[in-house]
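Here is what each chain is made of, one letter per residue.
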Amino acid sequence: MPDQDAAGSAALDPRYEDGALVLRLSGELDLTNIERIRASIDAVLARPRNAAAFDLSRLKFMDSSGIALLLSVTRQVGGNVELRDPSPIIRRLIELTGLESVLRLVP
Amino acid sequence: VSRSGQGRSSIAGSGANNVKVTASLTVFGGQSLRAVLSLHFRSPFGSEFWLNSPDATKGSRLPPEPGLPERLHDIESITDVALSGLGPQDFLQALAERVRLAFRADTTAILLIDDSARYLVATAASGLEEEVRQGVRIPVGSGFAGLVAAESRPVVLDEVTEDNVINPILLHKGLKSLMGVPLVTGGQLLGVLHVGTLSPRKFTDEDVDLLQRAGGRAALAVQALNAQVDRAAAVALQRSLLPSALPAVKGLEVAARFAPGSGNIGGDWYDVFFLPSGQLCAVIGDVAGSGLKAAVIMGRLRSALRAYALETTDPADVLERLERKMRHFEPDAMATVMCAVFSPGFDFVRVSNAGHLPPIVAMPGQPAAPAAIVADPLIGVPDPYRRHVATIALPPGAMLCLYTDGLVERRDRPIDDGIAELARAIVNAEPEKCCATVMIAMADVRTECDDVALLIFRRAGSPDREGNGHIGLGELSVSRA
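Line by line, the protein sequences are chains G and D.
The first sequence runs 1078 to 1184 under the working numbering.
The second sequence runs -19 to 461 under the working numbering.
I should point out that these hints are in silico values taken from the structure, not numbers from a laboratory.
Any given hint might turn out to be false.
[What the hints assert, rightly or not] Distance condition first, Cα-Cα at most 25 Å in a straight line; then the derived SDA-like pairs of lysine to any residue: (1) D/Lys273 - G/Asp1119; (2) D/Lys273 - G/Glu1094; (3) D/Lys153 - D/Leu81; (4) D/Lys413 - D/Ala440; (5) D/Lys305 - G/Gly1155.
[Said to hold, decoys possible] A short list of chain D residues far from chain G (calculated; beta carbon distances all over 12 Å): (6) Glu131; (7) Pro311; (8) Asp312; (9) Asn408.
Even for Gly, the Cβ is constructed at its ideal location relative to N, Cα and C.
Chain G on its own, in the form it takes in the complex:
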């Protein structure tokens, strides 16, 4: 089951694809749930894995704390983290914070 908070606003659903960890975020990621999602990600990252990627296809919204989370996880795992299928809203936020060249958006 995805790890979902009481307000049901954001969820993390970690899965493995060919041994690589894919962190699927869904809902709305903001200040009110960021710490819980961060803790869930840390718990998952502690397990053995080959590589890590985010699946953002179901993430409807995030604020600057979400940007910080993506950047900090990217840094934590050594820079090579794909951000898959961001919605136009999420993509725009990444552009506006000047992070297109730092985060790996796919496609």
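Keeping the supplied structure of chain G fixed, place chain D upon it in accordance with the hints.
Structure of chain D alone, referenced to chain G:
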């Protein structure tokens, strides 16, 4: 009060000056019936004190041990009081005393886990005050309290020895038996509560159960009190770091607004100051995260940025130095920052943008629009980054608006829509008035909303109707050589 046993009866009322008085009569059964009258006074301002009839004090004629419900009530009464007025230190002190009395113990200590989560720090004690005065720190995992914390479970020592206790104060004190429980709420360990006796004692399962219940209530109260204190400190820090008054500038009108978030306090700030060159520098930023931690980082960023701005008038240079400092000293911090340096006559402004939302520019006679300037990565990216400077022309009457994302970000629409709405709300008026208009138009009534910072400038002078109006948004986005 039952005929055979013991009981308690309370009445409450209000006295002069709205002081609330609660009188409790507690009757103890036993060989001879004895009663203790306790008066609790509470002023409307939150101060309070207790007055007990002499038998309530400790002494040779202690009443027989009360039952579990009564002892729990003793402890719960203090946790209820705590949530309605005491500060954290007073609360913990009162709790330590109440717990010691409820257990007929000689000592109580409350140790809270520090920010590193590696040490327990003695925070309140009764009968063991030297622990607090000496600032005792116990590593999690070592000794008695360290074991309670590391395993997050109750620990009972029937016999204290140098093998199971490392804290010399407990040994010197001559404690014979100890019982400790973790303070846990929501799965998070906040600290340890322990009671001790100077004569050997076998703590029962009922004792452990009672102390755990007391610990559970205490943990909730500690968490709530800490959250209040953190929030108050973050708000105070934010307020103290915002300019108390904007500088008076000839040739440029300035106005600002700041609204702290209604849920978690964020780390937004703005700053407006003169450089040694006489040029005006304006800064706006947003530290990732929330609460006291974000506010503290914001304070450091603001101070460092001011220091670097003394060295150079190039905003990209300021941000590169700021980033180097943050990468070295605060490697986990992230922030968006925009630094703008006005030309001496205010006819243009040079802007370097570390991941911040674009400024809005309103040229005289034209609708306001976001300036299409390059956003470099925010402060806190892993690699050193060569930052850009954009130059924005400001003909007489032009307006410049800097803001943080709390003003425009809504979850039900793309952020560009919010920026466009902000641009529509900017009217050519004096900045004070324009700030008011913008805040009304963009007000967010969500219960959990982010900080909002807003800075609006207007260059003095009437617009040159002949031509300058269209210089407009043709900003020069240039790399720093």
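Hint check results:
Between D/Lys273 and G/Asp1119 the CA atoms are separated by roughly 19 Å; this keeps the pair inside 25 Å, and the hint holds. Of the pairs offered as hints, the one joining D/Lys273 and G/Glu1094 is violated, with about 36 Å between alpha carbons and a cut-off of 25 Å exceeded. About 18 Å separates the Cα atoms of D/Lys153 and D/Leu81, which keeps this hinted pair within 25 Å; it holds. Straight-line distance between C-alpha atoms of D/Lys413 and D/Ala440 comes to about 15 Å, which keeps the hinted pair within the 25 Å bound.
Straight-line distance between C-alpha atoms of D/Lys305 and G/Gly1155 comes to about 21 Å, which keeps the hinted pair within the 25 Å bound. Non-interface status of D/Glu131 relative to chain G is upheld: no Cβ of that chain comes within 12 Å, the nearest being about 20 Å off. Under the 12 Å C-beta cut-off, the non-interface status given to D/Pro311 relative to chain G is violated; the minimum distance is some 9 Å. Once the 12 Å rule is applied to beta carbons, D/Asp312 is inconsistent with being away from chain G; the minimum gap is 7 Å.
Residue-level check passed: D/Asn408 sits 26 Å from the nearest beta carbon of chain G, beyond 12 Å.
Of the hints listed earlier, those the structure fails to meet are numbers 2, 7 and 8, in rising order.
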